[in-house]
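Peer 1: Starting from the known structure of chain X, arrange chain W on it as the hints suggest.
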Amino acid sequence: MSKPILIIGGGPAGLAAAHSLGTVGKQSILIEKEDRLGGAPILSGYAKLVPSGEWAKDAIGGMVKRVEDNENVRIETGAKVVSFNGEPGNFTAKLSNGNTVEAEAAILCSGFTHFDSVNKPEWGFGTYEDVVTTTQVEQMISSGQGVRCPSDSRKPKRVAILLCVGSRDRQIGREWCSKICCTVSSNLAMEIREELPDCHVYIYYMDIRTFGLYETKYYWRSQEEFKVKYIKARIAEVTSDGEKLIVKGEDTLVKRPITIPFDMVVHAIGMDPNVDNDEIANTFGIDLEQHGFIDVANRYGVMGATSRPGVYVAGAATGPETIDDSIAQGHAAAMAVLSGLKESAKSA
Amino acid sequence: MPIHEKSLIRPENLKTHDKLVLDGIDVSGHWSTFIETRVVSDYNEALEEEISALPGGEYIHRCWQCGSCTNSCTVHAINPDFNPRFWIYLIRMGMESELLRDKDIIWQCVSCNKCTYACPRDVVPEGVMKATAHWLERKGHTPKSPSTHFDEVFTEQVIATGKIEESRTIRRFFKRTNQGLMQSWMVEMVKRMLRHLPIGLLSRMGLATFIAPRTSNWSSAASAIQEYIDEQHDKQDKALSLSELIDVAQKDAAA
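So the protein lines, in turn, are chains X and W. Counted from 1, the first sequence has number 308 at position 308 by the working numbering; the numbering is strictly sequential. Counted from 1, the second sequence has number 66 at position 66 by the working numbering; the numbering is strictly sequential.
If we strip away everything but chain X, and leave its shape as in the complex, we get:
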């Protein structure tokens, strides 16, 4: 009798994989450590998604509903896998809620963890209330509250967005580019300008990496239609004069030091490997790549193969990833699982 497929993580990748498998009549068990499905876009309260412009609660919420309504998907929330043994086609997993499940294969869709800005204390997060993260601004927008300074709920007149917070920084052991923060930040800058037309938004960058088609949709559009200002500078420190936040750095294009007052400073936080990745690697017996994300063992033959046969990976668990690519990888991993099972049935 055929066994189900184990899917770890109920974010965009996991939801896509569960949907794909369910649609072709393959049973799956979706394990989510939090109390509900949706992953970062739902749990962190994202606002409008890039590049569709749809609200996260509608777009990803729709994916959640589709999986919840699928009779081939069994959902276990508030649970983790504590042990995982066996061979491809015949794995046994123990869950933290005491259940034991059997599975033919597993897809790890365990995603990422947002960088914690407290680890860059020189940029004032945790010290000054009005220093916030992109995630917090997303929440301000998605909750309908609007962009306000947390200290006194005033509308900011001037906002600085600092890019590469927790990315491309050897000092804190995060050498990767988190890939989406430039695009997300220019999107947020436009949202701020739209809500508060009198508010000036400055983006401090090292490079702008709004890759592919995002160039015109986000970088150009934010400059040309929304008059967002981009300054090539890596900020040295964020302090306060008691009234305003003071941003210090060097404007590299004019070789001039700058000390500029702002009402609000936003950290464009990067994507860390999931904090549980060591545990996940141990439990599933798979390798991590040098930065701590889950290593992809085969780039060209099998989609989302890890170092262990029968265990697959998709989405931001493999490194910083966009939502739509995570979804595509989830579908692709489901396909890889199914074709892998066919192959082993043939050779048996």
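Any given hint might turn out to be false.
As the list claims (entries may be wrong) - Derived, one-sided and incomplete: chain W residues facing chain X with beta-carbon distance under 8 Å: (1) L8; (2) I35; (3) R38; (4) V39; (5) V40; (6) D42; (7) E45; (8) E58; (9) H61; (10) R62; (11) Q65; (12) Y89.
Since the hints were made in silico from the structure, they are not lab data. Backbone N, C-alpha and C define an ideal beta-carbon position, used for all residues, glycine too.
Peer 2: Just chain W now, with coordinates in the frame of chain X:
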């Protein structure tokens, strides 16, 4: 230790004091030279909008600082201080005092438009240079340039008569710019014209110099043009906050 970025220290920012004691320590003389701060302490957010309100400056906000304009610039090849990329940046960020340091070379743009064709974002840097030169004049940072005087006498004449009469334009232009009429090249040109041009043409030109013929039924067209120009100038004055400045000046004068 040698100063590696010596070029960044401007002579006017070097301060020495013949006699100065700070906290009981004598800091007089060359050995205690001070350097004034170069720190940019704020942006003037109105600057970009002011420039973009003037003809030619409309697309300045598109610039992403690639430097194609400066690299293709005819004037930059001769004078490395002529740097459109840099000025566009200063304007966009609102570093007004820094921009004013170059007020006496910005007008040097020769409008060859090589930058216009090189610019990947279609900023039209040549237009920005024109707008910036006009901004400097309108704000009173630089005197009216000869070319502005020329544009004015030219336009005035078109509005008045619907025609251009070159010798009148030249005479008025020379008068406005305090130049004598009897310049050697001018004398030479008139001499040769008298020698080579047919009598009929010469006499018609001579007549036009004195009686200034008008295009028939010109007055309604003239008032429409004048109205449009006034409208544009009003808009620009508002964008540049010039009307407020004039109000303040008038109130000061009355008080």
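Peer 1: Answer holds if the nearest beta-carbon of chain X is closer than 8 Å to that of W/D42; otherwise answer violated.
Peer 2: holds (6 Å)
Peer 1: Return the status of the interface hint for W/L8: holds when the least beta-carbon distance to chain X is below 8 Å, violated otherwise.
Peer 2: holds (6 Å)
Peer 1: Hint check: is the beta carbon of W/I35 less than 8 Å from a beta carbon of chain X?
Peer 2: Violated, about 12 Å.
Peer 1: Would the hint on W/Q65 stand, with a C-beta cut-off of 8 Å toward chain X?
Peer 2: Where the cut-off is 8 Å and the nearest Cβ of chain X is about 6 Å from W/Q65, the hint holds.
Peer 1: For the restraint on W/E45, tell me whether the closest CB of chain X is nearer than 8 Å.
Peer 2: W/E45 check passes; min Cβ-Cβ to chain X is 6 Å, inside 8 Å.
Peer 1: Is the hint on W/V40 kept, meaning its closest Cβ partner in chain X is under 8 Å away?
Peer 2: holds (5 Å)
Peer 1: Regarding the hint that W/V39 lies at the interface with chain X, is the smallest CB-CB distance below 8 Å?
Peer 2: holds (5 Å)
Peer 1: Are W/R38 and chain X close enough, Cβ to Cβ, to be under 8 Å, as the hint says?
Peer 2: This hint holds: W/R38 lies near chain X, its Cβ roughly 6 Å from the closest one there, short of 8 Å.
Peer 1: Measuring from the C-beta of W/R62 to each C-beta in chain X, is the shortest one below 8 Å?
Peer 2: holds (5 Å)
Peer 1: Holds or violated: is the Cβ of W/Y89 closer than 8 Å to a Cβ in chain X?
Peer 2: With Cβ-Cβ at 6 Å, under 8 Å, it holds.
Peer 1: Holds or violated: the hint that W/E58 contacts chain X, with Cβ atoms closer than 8 Å.
Peer 2: This hint is violated: W/E58 lies away from chain X, its Cβ roughly 11 Å from the closest one there, beyond 8 Å.
Peer 1: How about W/H61: closest beta carbon in chain X under 8 Å, or not?
Peer 2: With a closest approach of 5 Å, the W/H61 hint holds.
The structure fails to meet hints 2, 8 from the earlier list, while all remaining hints are met.
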